[in-house]
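Given the sequences, and given the hints that come with them, work out the whole structure.
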Amino acid sequence: MTIMDFQPRKFWMVSGDGPSRLRHPDRLSAEMEARRLARAHPGTPFFVMEAIAVHRKVDVERIDLGDAPHVDDVPF
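The sequence shown begins at 3 in our numbering and counts up one residue at a time.
You can take every hint at face value.
Label-pair restraints from in silico Cβ distances:
1. 68 with 41: 52 to 62 Å
2. 42 with 62: 39 to 49 Å
3. 11 with 49: 13 to 23 Å
4. 62 with 40: 41 to 51 Å
5. 30 with 60: 32 to 42 Å
6. 62 with 25: 22 to 32 Å
7. 13 with 44: 21 to 31 Å
8. 34 with 64: 35 to 45 Å
9. 56 with 31: 12 to 22 Å
10. 69 with 19: 48 to 58 Å
11. 59 with 28: 26 to 36 Å
12. 64 with 18: 36 to 46 Å
13. 59 with 25: 21 to 31 Å
14. 17 with 58: 21 to 31 Å
No lab work stands behind these hints: they were computed from the structure.
Just so it is clear, the structure is predicted and the values come from calculations on it, not from any experiment.
Quick reminder that beta carbons are idealized off the backbone N, C-alpha and C, glycines included.
Set out below in structure tokens:
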């Protein structure tokens, strides 16, 4: 993934007793899943969590241009 490819999007997750990896694209989807899980596991709380920020450090990125033709055939 390159800097240009990285486009963060907001997502929601449901957290209960076990690990959670599924990213819901909208709040409604996460709410529905939390309700489904709560019905299936009475007494267990299921939290709907919203991603609010993303942090990342990028030092140097190399982008391979492959065999791109040179403009004016100048090799530099």
